[in-house]
Every structure is written in structure tokens, then in C-alpha cells.
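6 protein chains.
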Amino acid sequence: MKIVDQHRIGKSALLLLLMDETEEVYSEQFKQLNWQYCTGKVGSMNVQKIVAAIETAAKRNEIVREDLYREMHSLYHATMEAISGVTRGQTQLGEILRTVGLRFAVVRGKPYKNAEEGEWIAVALYGTIGAPIKGLEHETIGLGINHI
Amino acid sequence: MKIVDQHRIGKSALLLLLMDETEEVYSEQFKQLNWQYCTGKVGSMNVQKIVAAIETAAKRNEIVREDLYREMHSLYHATMEAISGVTRGQTQLGEILRTVGLRFAVVRGKPYKNAEEGEWIAVALYGTIGAPIKGLEHETIGLGINHI
Amino acid sequence: MKIVDQHRIGKSALLLLLMDETEEVYSEQFKQLNWQYCTGKVGSMNVQKIVAAIETAAKRNEIVREDLYREMHSLYHATMEAISGVTRGQTQLGEILRTVGLRFAVVRGKPYKNAEEGEWIAVALYGTIGAPIKGLEHETIGLGINHI
Amino acid sequence: MKIVDQHRIGKSALLLLLMDETEEVYSEQFKQLNWQYCTGKVGSMNVQKIVAAIETAAKRNEIVREDLYREMHSLYHATMEAISGVTRGQTQLGEILRTVGLRFAVVRGKPYKNAEEGEWIAVALYGTIGAPIKGLEHETIGLGINHI
Amino acid sequence: MKIVDQHRIGKSALLLLLMDETEEVYSEQFKQLNWQYCTGKVGSMNVQKIVAAIETAAKRNEIVREDLYREMHSLYHATMEAISGVTRGQTQLGEILRTVGLRFAVVRGKPYKNAEEGEWIAVALYGTIGAPIKGLEHETIGLGINHI
Amino acid sequence: MKIVDQHRIGKSALLLLLMDETEEVYSEQFKQLNWQYCTGKVGSMNVQKIVAAIETAAKRNEIVREDLYREMHSLYHATMEAISGVTRGQTQLGEILRTVGLRFAVVRGKPYKNAEEGEWIAVALYGTIGAPIKGLEHETIGLGINHI
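Protein chains in written order, with the UniProt record's numbering: chain A, 1 to 148; chain B, 1 to 148; chain C, 1 to 148; chain D, 1 to 148; chain E, 1 to 148; chain F, 1 to 148.
Among the hints, a few may not be true.
Heads up, the list lumps identical chains together, so a pair's fine if it works in one copy or across two of them.
As the list claims (entries may be wrong) - In silico lysine-lysine, BS3-like type, Cα no more than 27 Å apart, as pairs:
| hint | residue 1 | residue 2 |
| --- | --- | --- |
| 1 | K59 | K41 |
| 2 | K2 | K49 |
| 3 | K49 | K31 |
| 4 | K113 | K41 |
| 5 | K49 | K113 |
| 6 | K31 | K2 |
| 7 | K110 | K134 |
| 8 | K31 | K134 |
| 9 | K31 | K113 |
| 10 | K2 | K110 |
| 11 | K113 | K134 |
| 12 | K134 | K59 |
| 13 | K110 | K59 |
| 14 | K134 | K49 |
Worth flagging that the hints you see were computed from the coordinates, not collected in a lab. Please read all numbers here as calculations on a predicted model, not as lab measurements.
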């Protein structure tokens, strides 16, 4: 099953969340392109914790260098754009009495044919959003892409 | 290849856009669940045209009844939420000098186990957003879900 | 004094807040149309508490079924739209150093002539918004309407 | 029937739109308080035209002085706040394929007990919002208040 | 070095933050125009604290009268507009995992040639915004202007 | 007169707009740091034209490479952030009946001590915003900063 599309970093990040392939399938496809990626889970009523969970995962998996602000800045804006897709309007959760359960994927690679376009980063989110009561929720998705 | 997940109307709508299966594969899976769906394409600098393209496709494919405001109202809000994921901030395109090329999917069905939850509608968008110059663009995605 | 207009669920909800009629006058007019309604009060710097107060009142008065997500989802979005009228910009209160004292009304009924349009819900808010100091405030209003 | 409440300029502006009293009833009550007011109608897919209609009415009825920026500035912000209640999210109409039919009221007066609080202005809007097709619409309301 | 421009209250407020002149230079120039001003510093992850710091400074320096709502209302909106320049999108800091270190200036005066335009207030902000880690930040600025 | 501060690219861009120094003073200071910059003017009711004017100036002055999307993407987001400071809320002008007259500055350079932080871009805006009538306007400012 093909997940990684070398000219579609966003689609690749999304399929990481939507397909039930084994970790080996993913990692091999990303390795062939020399792209970095990681996935993770976070459930929270705080947008802050979602941003932090994604940052921590990206740093631990060496997708971004935590001592370089330009990399953290790029990741931050990609993350906030993904969150705006999840929240659809105001980037608020608990403040407006809702919560999310999300899986996330971060992918870093060179999606453009022109080598000078360099590296880009994609943050994809998929899960549920709703009232803080089990079942009172529906699906939600978000994607942010930035040059890095 | 499994696309339709009977408890995940949003994921099903997204995979319609991301997987390269034949129309028959799609239609058979949706038929089994007795769900309606349609897909289409729209490229524009006007958010208005995107909303209209989705509405027109949904009406022609009899996913919504155009003479019932409650159905059009439900579709409209699902569409606007999907667009907010695509635009990430302000629901504006040409007004802020950007354009999109999108494929869309609309799915109507019963995704909850409890039959009383009734029907829901999902609008998914996937494509590119960027400057009105070929190639100066990156991917974008959006998903809106509403009860209908 | 006429408060309930059978084709204007929003106006009816607002007049519940603005007119000083007795509870009997209200309840009789709503009963004639077979509409449900409730009113309440909430003062807070937390948007969350306003949403919760409205939800709780609507559940207790059996205007919505709390075990049905489609009903809670409909009420939630109507409430958030009403709050956006109150907050005019960002749905934030204490976070930006302001507070509200509100009365609210929730009305559920069939406002359209076409019976197929079914039930709709209106959430109306009226009160004051301002600094967390008595008197440093002005009036504010909001109305959200959704199909249910 | 009492419409004007001398400490509630916003409620007074709203009741101008919601009550079916004769013009004489209104004008007498406002005259007693020495407040200025006007009402009008506007239907449009352009927010611009709504702002312009309100400005024009307020200028013609000498509620604001059109040669004084501080008065026009005050009216403008009150109007935009009222529109944010009507649009609930993004101050866009035709751009996102919706239209409004509104009645508006502008009231200028001294609603605070303390005379030093001076004059304030209220802009109230009430009508329908929806698809640009007759009947596919629901009610909407907005209120903006500013010192002048 | 000229800082105060009698027809540019916003520029004057900004230069207070950007120029390294002595306090005497500032105060003399403002005194000549009979304008009031103050400056201060605030670092926080809470927008609330920024609003409060500016209010407190403006009240202590008698730029606004804290017992008059019309003055506090004018200052509040000018402050929120300045903050929207600093935050560029959502008026949130810690909620979305970022923090600011700001200097602020508040100026009150008559910037228009026409004396009837009366007094206006400008709130200017300049500093850094970024992750809550020293150095992972860049500059930010905001300006809000209102009639008072 | 010192305008360029090697660790403050945003302040440098702003002072380009606020100080009345000769072009030579500017160009020499930027040359010493090996930074690129340009300035320009634009008056419009269309946000689109402001974005286009800044892009065109930045391309002509070779501050960004128009054939590289990563550079145009970086400039675009810095520009939109600057515009959000100017518009304070919704990135709309004529749509909500207002217009701007702006000067802009774009600066590209290395503002961080750590050489690995590489190049950043700052877009600064300063001018007036108001009704489309001469004089009914006040000052406005915006600043956007991005890694490039």
C-alpha cells in the first residue's frame, strides 16, 4: 500500500493517520525519500498541550532542531494552521467547552521537483472533537504546511 | 481497498479524495451502507464559487433536497467549516491574493451506532492553495461535519 | 402582549428576554404553538460557564435530549453563534479582561410553514459586558439559530 | 407600550425593530429623553452596502455629524460590532454565498446616570440571513454600542 | 531628536518605544502640545495581564479617569486593537503556547487640526513574541487608536 | 541617525517608515550589515492590491526570488501578518467600507547572533485607515516577521 507520495507531503502526512498499515510499511517508504516523520497521540481541552505534544514529538524524533528558532518557528506555524482546521473558527477548546482526541503526524521532506525549494514541514491532525462526554463528538481534521 | 468506515463519515469522505480507487470500488462500499456521496472539482479565487460548486453537486446527486432549508443549512455550515480548514484563518481567497484548486467529496449517512442519532453530512476538501501562479502553492485540506 | 410569533423563533426568544411579562403570559403563548422554551441567568468571565449554564437549563427543561449528540450538537452551535454576537470578534471574556452578566432564552419549535422543515432551536442572550468592575459595562446581545 | 428605557440604549434600539408600534409612539418616547434615533431597511450581499445604508441614514437624520471623524468613527465601530452579531464569525456575506434582509435602528443618547458619561450610540440590526434564494434563511440579530 | 508629531499620535506613541531618548526629551515635547503619555513594560503569557498593566499605568498617570466608563471603554478598545497587531490572528498567548515581552506607550491628545475632533488615545506595543523559551522569539508590534 | 539595529529587523523596518532620513542614510546602514531592503507606497480598498504591491516591490528589488515558492511563501505570510495589524480583526478593507493609504518596508537579513538562524524577512506597514473620505481616518501600523 502506497502512503508516501514524493510530491505530496500533506497527503503523505494525512495517510499516516488514516491508513492502518504497519510501522514498517511507513518507515520504509519515508526512508526511501530520505524524509523524516513521526506520529503520536494527544487528547486535551487545552490547545497548549496539543502544541506542546507535537513539538515534543518532533524534537525527540529529531525532525526539528530545538535549539534553532527558525525550525521551531516553522513547526509552530504549521501546527497552528493544522489546529485551525480542527477548531474551525476560534483556536479554543476547553474555553468554549469542547475537547479533542487526536492523532498527529509530522513529516519533513522535499516535496518540490526544484531542489532549491528545499525542505518543508507538514503537520496533520485527525481525531474527534466534541463535548467533554464520551460519544458526544464527531471527527475533525487539520493540515498545516510550511517551509523550513 | 477499504475506504468506507461505517462509524467514520469524515475519514470516508477524505479517503474518497486521497485514494486512487475506481469509481466502482467507491460506489459499492457506499451502497452497502446505504450512504449517499458525490465528488467533484473546483478551482477558484472566490470562496463563493466553491460553496456553489459543492451545493450544486450535492443537489444534483440528490444528497440534499434543495427545497428544504434545513438540509441546505446543514450542508452550508459543513461546507464553511471545511473551507475554514483550507483557508486557516480568514475565509478569503482572491481578496488576499490566493487561489485554490480543490477536489471535494460530500457524504451523507448514519455514522453512529445509536439509530436515533440519524443522518450526518461530511464535506471534505483536498487540493492546493497558493499564489495565482502555477507551482507557487502547497497542499491544503478541510473537513466539516454536521447533523442533517 | 404578544411575544411568540410562530414564524419568528429568534424574535420570540429575544422578546422573552426583553419584555417584562409574567411567566404565565410566556408559557401560555408557547404552549399554544407546542414549542418548548426556558430562560435563565448567568454571569461569568468564562465562556465555558455560559455554554454550560445554557446546556444545563436546556437539558433540565427537556428542550434537548442529553443522550442524543445530534441535539446537543445543534444546541452547541446555536449557543456559540449567540456568544459570538455577545463578544463581537473573539469568543473570549476573562482572557481579555472582561465579564458578562446575561439572561438567556432557549426556544425549540417549528417556525417554517413547510412542515418538512421540522424543528429549529434559537438561543438568545441579553445583558451587559464590560470590565470586571460594577458599572463599567454596556449592553450586549446575541442570537444563534440552528436546525435540530 | 414602553420601548425606550433610559438606562438601556441597546434594548431601546432593539425594541424599535421588534415592536410593531406606530412611529408616533417611538418618537414621543425618544423625544422625552432628548435622544435621537432613526430606523431603516437594507437588503444586500455586500457588507459595504449595509455599513453605507446605516451611515447615510444616521447622517440624514442628524444623529451623527458627517464632518466630524470622531462621530463617524464611533458609528462605524458600533455598526461593525452589530454586523459581527449578524454574521457570527466572518464579516462576509456574498463572498461566502449568503445574503441578508435587515431592518436597522440607530439611537444616540445618555444612558448612564452619571452625566459625565455623556453620549453613547447603539446600532441594532434584525432580519434574516441565508442563501440568495427566498425562504432559505433564518433570523439574525446584532447590536453594537460605543461612546460618542 | 523629534518624537512627537502633533498630527500623528500613533507615530508619536511608537517612537516613544523605538527611540532611545531620555525621559526629559519625551516629556518636554509632549508638554508643549499639552498631551498626556506614559510608558511601561509587561511580560506575560496572559493577554489579561497585558490589558491590566496598560490600564493600571494609564490610570496612575491620569491619562484616563478610572471612574468614567467612556474613558475606560475607549482605552480598552484601543488596547485590544494594539494586541491584535501583536498576536496577528487570535488574541491568545499562553493558550496557544506563546509568550510576549512588551514595552507599551499610551498617548492622549488632540491630533486633528479641527478642534472639534477633540481628544484621541493611542496605545502602542513593541517587543518580542515566541515560545516560552529565551531566544525562541521574534519582534512584534501593535497600535490601537480611538476617540476618547 | 541610527535606523538599522542588527538584532532588530522589525524595528529597523519600522524606522524606515517613521524616520525622515535620506535614502543614502538608509542604504548605507543596510549595506554595512549586508541586508536587503525596499520601501514603497500603496493606497487601496483592496487587500489584494496591497499584497501585490509589496510582492512586486520585493521582487523588483531582488529581496525575494519570484521563481522560488519558499521565498514567496515566506514573504506572503509576513505580509498577511502585517496586514492583520493594520486591519485589527478581519483582513478586509473595501468590503467593510474602509480604505488605507500605506507606506511599506521590506527588510531581509540575519538578525540573530547564531549564524545558523539564517535569514529572516520583515514587512512593516504604516499609514492611515478610515472611511473613503479624505480626513476621516486615523493612523495604523503592522509588522510581520518570518524565517526565509
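Hint check, failures only: 2, 3, 5, 8
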